[in-house]
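Could you put together the complete structure from these sequences and hints?
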Amino acid sequence: MVIIANIGKYFFLMIQVFSRPVNKKIFFKRFLQEIEQIGLNSIWIVAIVSIFMGAVLTLQVAINFENPLIPRYLIGLSARDTMILEFSSTIICLILAGKVGSNIASEIGTMKITEQIDALEIMGVNPANYLILPKILAALFTFPFLNLMSIILGIVGGLLIAVFTDVVSVFNYIYGLRYLFVPFYVTYSLIKICFFAVIITSISSFYGYYTEGGALEVGKSSTKAVVYSIIMILLFNLILTQLLLT
Amino acid sequence: MIEVVNVNKLFGDNHVLKDISTSFEPGKVSMIIGRSGSGKTVLLKCIIGLLIPDSGEIYFDKREFTKSNIKFKTQIRQELGMVFQGGALFTSSTVEENVRFPLDLFTNWSKSEKQKRVDFCLERVGIKNANKLYPTEISGGMQKRVAIARAIVLNPKYLCCDEPNSGLDPQTAILIDRLISKITKEYNITTIVNTHDMNSVMEIADSINFIFQGNNWWQGTKDDIFNTDNKELNDFVFASELCKKIKKETT
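Here the protein sequences line up with chains A and B, keeping their order. Counting along the first sequence from 1, when you hit position 207 you're at 207 in our numbering, and nothing is skipped either side. Counting along the second sequence from 1, when you hit position 205 you're at 205 in our numbering, and nothing is skipped either side.
Please note: incorrect hints may appear among the correct ones.
Derived DMTMM-like pairs: lysine to aspartate or glutamate, alpha-carbon spacing no greater than 25 Å straight-line [stated by the list, open to error]:
hint : chain 1 : residue 1 : chain 2 : residue 2
1    : B       : 71        : A       : 217
2    : B       : 132       : A       : 115
3    : B       : 45        : A       : 118
4    : B       : 45        : A       : 212
5    : A       : 24        : B       : 96
6    : A       : 29        : B       : 113
7    : B       : 45        : A       : 115
8    : B       : 71        : A       : 115
9    : A       : 24        : B       : 25
10   : A       : 29        : B       : 97
11   : A       : 24        : B       : 113
12   : A       : 29        : B       : 96
13   : B       : 73        : A       : 115
14   : A       : 25        : B       : 119
15   : A       : 25        : B       : 96
16   : B       : 73        : A       : 118
17   : B       : 114       : A       : 118
18   : B       : 67        : A       : 118
19   : A       : 24        : B       : 104
20   : B       : 67        : A       : 115
21   : A       : 9         : B       : 13
22   : B       : 157       : A       : 115
23   : B       : 45        : A       : 217
24   : A       : 25        : B       : 79
25   : A       : 29        : B       : 232
26   : A       : 24        : B       : 79
27   : B       : 157       : A       : 118
28   : A       : 9         : B       : 54
29   : B       : 244       : B       : 232
30   : B       : 45        : B       : 25
31   : A       : 25        : B       : 54
32   : B       : 132       : A       : 107
33   : B       : 132       : A       : 36
34   : A       : 25        : B       : 113
35   : B       : 45        : A       : 107
36   : A       : 25        : B       : 104
Derived by calculation from the structure, the hints in this document are not laboratory data. All of these numbers come straight from a predicted model, not from anything done at the bench.
This is the structure:
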């Protein structure tokens, strides 16, 4: 029953979120602030994780492709496809659910318990729209760029392994990167990350918005936001893969 | 004028507000007093629309508020200033940005006009050289002043304050009380103050509503308090030895 009630509350909140902003100028200013907060501030973590994971992935694939019948260029191919299909969308979003999701839930939760949200409402502002919509749109705008950046940096990470070790030659690695490239995989990855952007920001905002109590409850909301965002990302990953790739 | 007519509010089986009827006049500081948990905050939240009463009506200058649509509520809320218990200042914005926020939202004024108004309001509440500071960088008393400045920046017709001097030292509390009273008289605002601080009541109350177990138990002025034989009110007001002594001397 609690789950059904929560789903109802979530959609009720989303109806309030997707309404017309009171002041477009202020809304645009908030949107830019959120781009910085959600997108630009996440670049470093996405970059670091992508480079290292690309490098490790290349190493692991190279170690496992010991059979001389398997062409070495498949190392580049598998690194590319793993980055595009799964890592740069799903895994990066699991990381962002932790970073961005907990940040959103604790920010909105703190505003809730310190009556800042009530203050907005008393001023005649729709707090859900004012606080949450810029976050969702900023994530929708920035996450695809983070996705593309992650793909590129992951592949670069693998290339660095090719350059500095002898597990695969640079020629084979680059040949593998270009071999049997399916452009739709990038589209698929971008579609997925757009869904995940909405999932992370809306679920985290939901748990922040309905925080009741004190600092302890803000922490609990933050944890719930991350956990449920991750579960929904994994569920939608399965659904979207089934719909788009099979 | 704000009128509350037969307002009831329940939380499950807990009947928090029981058929409350009262009115608050312009140019006067009307105080809602009562013990913690008596229902005074719930009443204030019903008045400002943060809670919806289960039955009854609330009128702002004869305009029904509780059952009106969101557009109308927004219109009335723009005439309403609210000072929250903790100030409720936006911690990510500076003092100046906090006060300017309602102007940014609801006026088409130029930047210089807004700045002029912000400076005026901050000066009015006695804040100097703190425009660029963040709420966390100023004292509790200053935060309350900034909250008052933000509440009056749009020239409200109604001002609601939820325990405006809680957590403040007696001297600062009196300053805040006097400021609220002065602003109320100066701009003929309908002011409602929710408090359990008897010093505030004695300092600035023009009319008093005593809420007891969800009922509007007693209504009167601060002078009436000394002459009433209402047991519950006497127990509440003259709980301390000091107040008992004052009553003895007064009567």
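Check your understanding: Hint by hint, which ones does this structure get wrong, listed from lowest number up?
Key -> 1, 9, 25, 31
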